[in-house]
Each structure stands twice: as structure tokens, then as C-alpha cells.
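Protein sequence lines correspond, in order, to chains Z and C.
For what it's worth, our numbering labels the leading residue of the first sequence as 123, then goes sequentially.
For what it's worth, our numbering labels the leading residue of the second sequence as 1043, then goes sequentially.
To be clear, the hints were calculated from the coordinates, so they are not data collected in a lab.
In this text, all values refer to a predicted model and were calculated from it rather than measured experimentally.
Cβ coordinates follow ideal geometry from the N, Cα and C atoms, glycine included.
Since no wrong hints were added, every one of them can be taken at face value.
Anything over 12 Å on all C-beta distances counts as not near chain C; from chain Z, calculated:
id: 1; residue: F129
id: 2; residue: V169
id: 3; residue: V170
id: 4; residue: H195
id: 5; residue: M196
Listed next, the stretches of chain C that the computed footprint assigns to chain Z, with coverage defined by at least 3 CB atoms under 8 Å from CB atoms of chain Z:
id: 6; region: 1131-1141
id: 7; region: 1154-1162
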Amino acid sequence: MSRVKEFSIAREFSAYPGGRKRDDGPFNGARFRDDFLGPLLEGNDEVVLDLDGLAGLPSSFWEEVFGGLIRHHMLPVAAIGAKLRVRTSEPELQVYIPMAYKYARDAGAA
Amino acid sequence: MMANFSHIKRLDPASGLLLAAEIDRWRRAASRKPVPHDHLWDENVRNFFHDAGLFELLGIDPRTTRSQPTGAVTTKTLPFQTGTLHEGGTADRFRATLESLIGRSVGPRNRVYDAISEAMTNVAHHAYPSEIMLWPESPKNRWWLGGSWLPDERIATVQIYDHGVGIPRTLPKSRHWSEVLPIFGRIDRERTDAGMIEAAMDYGRTSTGQVGRGKGLAQMAEWITAAGNGALRILSGRGALTYLPGKRPIRVKLPVEFRGTLIEWKVQL
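Extracted from the complex, chain Z is given alone in its bound form (with noise of 0.2 Å):
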């Protein structure tokens, strides 16, 4: 059976992320990557990410999560959509989940 891990952002991590690298700020992309998600996708078949509760996602901290993934080999970008995912039931914060897969592609074309 596969393992599926369901992942709130603004509840086990912070409903304000922002900020690309680690002294950024506390609740930056690098941290949430490498401390949080890698060992989430390192210990299970599939990962979802939830963003309801978030105050929003800036541009600099979700592009270091989901491009960051592909640069630093942690996922390659065939696995975005499938092995991690990314929803919402929130309307305004839809916007973010076609910009993660864009922000990972874009990582892969570089």
C-alpha cells in the first residue's frame, strides 16, 4: 500500500512563509525544503502539500521550495504533480499551485 502523507503548511509549518534563503527570516523556502519536505518525500511514496490557512506564498520563498527542489536534484521534474503534490480549497490561493509546477519546469529548463 502506498504511503500518502498530507502536509498543512500553515499549521506543521508557519501560515507565513517568506523569504528565499535560510537568514532571511524564520519561515523561509530553503528551511521548509530541506527540513521539512525533503524528509517528507524521503519517507513516503506520495506527498500533499495543503496550503489553506496561508496568509499567501511569496514569489521568492515558493520558487527557492519548488525550483530549489530540481537544483539541488532533490526531485526531478517528471515527479512535480505526482509523487508531490499541491491543493487548496481556498480560491484565492489556487493561483499558487500552477505557479509551483511552473517554478520546478522552469528549474528543469535552466
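Starting from the structure of chain Z, add chain C where the hints point.
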């Protein structure tokens, strides 16, 4: 040093934030407490700074208390905030406080959050590069945040200011400069500082991946784009750029160099 405010009759929110930031910068660099002469200030100026929390920001006691204004109250001001990192909670609370002052939304929560957040992050990434010496000395990575509601004009404003070296001095040293340069040459043959800011924003809007400062500038404009009105104004170096939704940005060449970078959002409600 003495700063005499007694000749100032009125302050707009951006000017008030710049003055407050400059005094705060001075007291941090000098490790001294400024002595206020607020009893000599015009009532408008005194009340503005009482509402904006100048004395709390500086850690000093005013000589006066906020007076009941003799004229109509034309501006409601939020307490200044300052920090050195991306502080998402501060950004979101600031929006919520502004909205409670006005009694309605100033835009989609996530757009406002992303705009202020990216401005904070840009300060940490670009404003105070270690390879460029600053004089007068500035507290590393510090930003100051202000906001207001102008009921007569029905305009909400938010400003974030840093005392760094400014966009026109850091952008040509960035690794994306070779990609910004052709855009800069195309949109502004005069090669002004305002044109450089516009080129960075344009590059951030159209390019992919890690595109440096431009992506943050482009996301700052998205609040205004989503609102469909108002303006985003960026002052840095000798340039002022005003972004208006659906229109060509307005570039202004400043007669004197503006120290640091001021980002100001204005939304009509």
C-alpha cells in the same frame, strides 16, 4: 544634533515614515536617545507622530500627549513597525490593522501579504550589500513600515523604507544585470535610474526561475494590479517610478539622490 520640526505644518505618511526612520537610524548608530521637543511642533505633526508611534519606536517619552485636533482629522495613521528579517506575521497583522481602521478590505489578503513580504525580503537580499560602504552608517538589513488611511480621498497607503544603497547601485552588480540591460536600453534611452527600476520590474514579470530583485518588484505590483486602481511608487537613487495598473509606468528623474529605497502602495477604496 538637533532636528527642528517646528516649521513643519503637515506630514504626508511617506514623509513621516522617512523622518522617523532617519531619527531611528541615527539613534541606533550613535547609541543615543533623541530628546523630543514635541511641545514646539505643530498640532498636525505632533498628532501624526503620536498616532504613528514615533516615541515608542525611539524608546523615548514625549513631553506632550495627543491633543484633540482643532480641525478635521484628515489622516489616520498606523503605528510604525521596524525589523531586519522577513516577518510574515508583522506583514499580515499590519494589513489586518489597516483594514480594521478603514472597516473594509484593502485587497486580496494574499496579494497584500505577498507584496509586503517581498519588499521585506528584498531589503534582506539587496539593500545593504557588504561590499558597498554606507555613510552615514545604517543598521544592517533594517526596514521601516508605515501605513495610513486618508478618509477624504478614500485612499489607503502602505510604505516600506530601507536606508540601504538603493536599487540603481546594486542592480548593475547583480548576476541578472546582463539580462536586464537590453530591456533597460530598449525602454529608456536616457538610462535614468527610474528606467532601471522599470527594467528590473519588467524583467521580473516576464522571466523565469531565480530572477533576483525584479521578481520581487513585479510581485509588489500585483496588489495594485489586483485592486485595479491606485499606484505603486518606488523611489531609489535619482529615480521615482510610479506603476499604474493598465497604464505605462511614470518615470521621474529626481534632482537629488534619494538615500535608500521607498516603496509605497496607494489604493483607492
